[in-house]
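Knowing the structure of chain H, use the given hints to seat chain V on it.
2 protein chains.
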Amino acid sequence: MQDHHGSKDLPGYNPGSPDVAKSPISFDEFRELKATCLFTDEDVAYLRLSYDVLKDQAEDLVTMWRGIIAQHTHLANYGLDRATGEPDKEYGAAVGKRFAQWVLDTARADYDQAWLDYQYEVGLRHHRSKKNKTDHANAAVQIRGRDLIGFAAATVAPMRPYLEKGGHSAETVQRMQDAWWKSMILQVTLWSQPYMNAGDF
Amino acid sequence: MQDHHGSKDLPGYNPGSPDVAKSPISFDEFRELKATCLFTDEDVAYLRLSYDVLKDQAEDLVTMWRGIIAQHTHLANYGLDRATGEPDKEYGAAVGKRFAQWVLDTARADYDQAWLDYQYEVGLRHHRSKKNKTDHANAAVQIRGRDLIGFAAATVAPMRPYLEKGGHSAETVQRMQDAWWKSMILQVTLWSQPYMNAGDF
Chain H
65 MQDHHGSKDL PGYNPGSPDV AKSPISFDEF RELKATCLFT DEDVAYLRLS YDVLKDQAED
125 LVTMWRGIIA QHTHLANYGL DRATGEPDKE YGAAVGKRFA QWVLDTARAD YDQAWLDYQY
185 EVGLRHHRSK KNKTDHANAA VQIRGRDLIG FAAATVAPMR PYLEKGGHSA ETVQRMQDAW
245 WKSMILQVTL WSQPYMNAGD F
Chain V
65 MQDHHGSKDL PGYNPGSPDV AKSPISFDEF RELKATCLFT DEDVAYLRLS YDVLKDQAED
125 LVTMWRGIIA QHTHLANYGL DRATGEPDKE YGAAVGKRFA QWVLDTARAD YDQAWLDYQY
185 EVGLRHHRSK KNKTDHANAA VQIRGRDLIG FAAATVAPMR PYLEKGGHSA ETVQRMQDAW
245 WKSMILQVTL WSQPYMNAGD F
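Heads up: the protein sequence lines correspond to chains H and V, in order. Take any residue in the first sequence, count from 1 to its spot, add 64: that is its number in our numbering. Take any residue in the second sequence, count from 1 to its spot, add 64: that is its number in our numbering.
Bound conformation, chain H alone:
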C-alpha cells in the first residue's frame, strides 16, 4: 500500500504513516487468522476482479450503506455532534470519503503489513481510545462493539446488485461476494481487537 493509489490527499487516510498504530498481532498470526476465515489466494483473485466492477461505484455503495444507517436511530445517532444533537456534516463528509476508499482497498486486497497495521488503526478509531480524534469531532464516544461486528452483515448482503453490474456470470458474482464476506469478517475481527479484554483476542 506504499503509494495508496493516489489517495494521499484524503484527510485522515494515512496507511503506512508513522502516526498509524502497529498491529499487536504478528504477520504469522495474521496468516493463521486468514486460515480461520478460509480466506485464500482465490479470494484475493475474486476481490481483485470485483475492483473493476466496483471502482466507479464506491460512492454509490457508501450512499446505500448510509441510507441503511439513516433508517435506524441507534446507528444514525453515532453521527450526531454531542453538543448540538445535529449531524456533524464535516465529520460525516471526511468519514464518507475514507469509507469509499475502503471499498477500493478491500477490493485491491493488498493485505500486507501496512494494511494489517491500518486495520488496527481502524479498530481504534471506532473504539473510545481513538474515536473522533482523527477529525477533531465531537460525535459518539465510540461505535459499540456489537454494531462494529454486526454491521458486517449489512455491508456485504446488499452488495450483490452492484457486483452484478460487471456483466460476469452468476457463479462469478457469487464467488466475488463470497470473497467479500470472508474479507469483511476478517476485517471486523481485526477491528474488534481494541474492544477485547487483555489476552482474549
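Please note that the accuracy of each hint is not assured.
Since copy identity is lost for identical chains, a pair holds within one copy or between any two.
[What the hints assert, rightly or not] Dumping the calculated DSBU-like pairs for lysine-lysine here, alpha-carbon to alpha-carbon at most 30 Å:
hint	residue 1	residue 2
1	K195	K119
2	K195	K98
3	K161	K195
4	K119	K229
5	K194	K98
6	K153	K119
7	K153	K98
8	K197	K119
9	K98	K161
10	K98	K229
11	K197	K229
Since the hints were made in silico from the structure, they are not lab data.
Below, chain V without anything else, positioned relative to chain H:
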C-alpha cells in the same frame, strides 16, 4: 425453544434451563442488533426453508467443518487435552452433537428470549470464564476471540453445496445462504460479549 425439539437428552445442551446465563442485553437491544445485521422476517423465512434442506445433513456439515479445523494446527489444538496433548475424544463427541443441534436451532430461527440467553451461554463456554466446565474437560483454556469471530466465514462459505441439495432455484439457495451469513454474524456478535471490555460491547 420450550421443548428443544426432542433434544433434551443431549448432554450439556440446556437452553431454557436455570443453569444457563441470562443475556446482559435486553430483548429491545437484541432487536436493534438484528437491525444492525439487516436481519429481517424474510431471513427467518429463508432460514426455516433451509431447515428442511439441512435437517438430515447436520452431522455431515459438522464433519465437514471439523475437517477444516483438523487441517489447521492452531484450530486443531483447541481440542487437545492439556495434560496428554492428545485429542479429548469424549469432549469432542459431546461438542459435536451440540454443534449439529446448533445447525437445526439456527435454521429453526426461533430467536426468542431463551435463544438470546443461550447465545450468551455459548459465548461464555468459548471464553475462559466457562470453557471446559460443561463437559468437565481439560482442553484449551479458551477459544481466542479472533477465531471465534473469524470462523464465521469458514462456517457459512462452504455451506452452499449442502443448501443446493434441496432442489431449490439458484436464487432461493442464494437467499438461504444470505440468511445464514446474517444469522452467523448476529450470533458471533452475541458470542463475543464475554470477550469485550466492560462497556465496549
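Here's how the hints hold up against the structure:
1. Taking identical chains as interchangeable, the C-alpha atoms of K195 and K119 lie at most 30 Å apart only when both belong to the same chain, with a minimum of 28 Å there against 45 Å between chains.
2. In this homomeric assembly, K195 and K98 come within 30 Å of each other (Cα to Cα) both inside a single copy, at 27 Å, and across copies, at 24 Å.
3. Within a single copy, K161 and K195 get their C-alpha atoms as close as 17 Å, which meets the 30 Å cut-off; across copies the closest is 43 Å, which misses it.
4. For the homomeric pair K119 and K229, the shortest alpha-carbon distance inside one copy (11 Å) is at most 30 Å, but the shortest distance between copies (36 Å) is not.
5. Proximity of K194 and K98 under a CA criterion of 30 Å is satisfied in both settings, with 26 Å inside one chain copy and 27 Å between copies.
6. Taking the shortest alpha-carbon separations for K153 and K119, only the intra-copy value of 25 Å comes in at or below 30 Å, while the best inter-copy value is 50 Å.
7. In the homo-oligomer, the alpha carbons of K153 and K98 lie at most 30 Å apart only across protomers (27 Å), although the nearest pairing inside one protomer, at 36 Å, exceeds that limit.
8. For a Cα distance limit of 30 Å, the shortest separation of K197 from K119 inside one copy, 29 Å, qualifies, whereas the shortest one across copies, 50 Å, does not.
9. In this assembly of identical chains, the alpha carbons of K98 and K161 lie at most 30 Å apart whether taken from the same copy (27 Å) or from different copies (27 Å).
10. In this assembly of identical chains, K98 and K229 lie within 30 Å of each other by CA distance both inside one copy and across copies; the values are 28 Å within and 28 Å between.
11. In this assembly of identical chains, the alpha carbons of K197 and K229 never lie at most 30 Å apart, being 37 Å within a copy and 51 Å across copies at closest.
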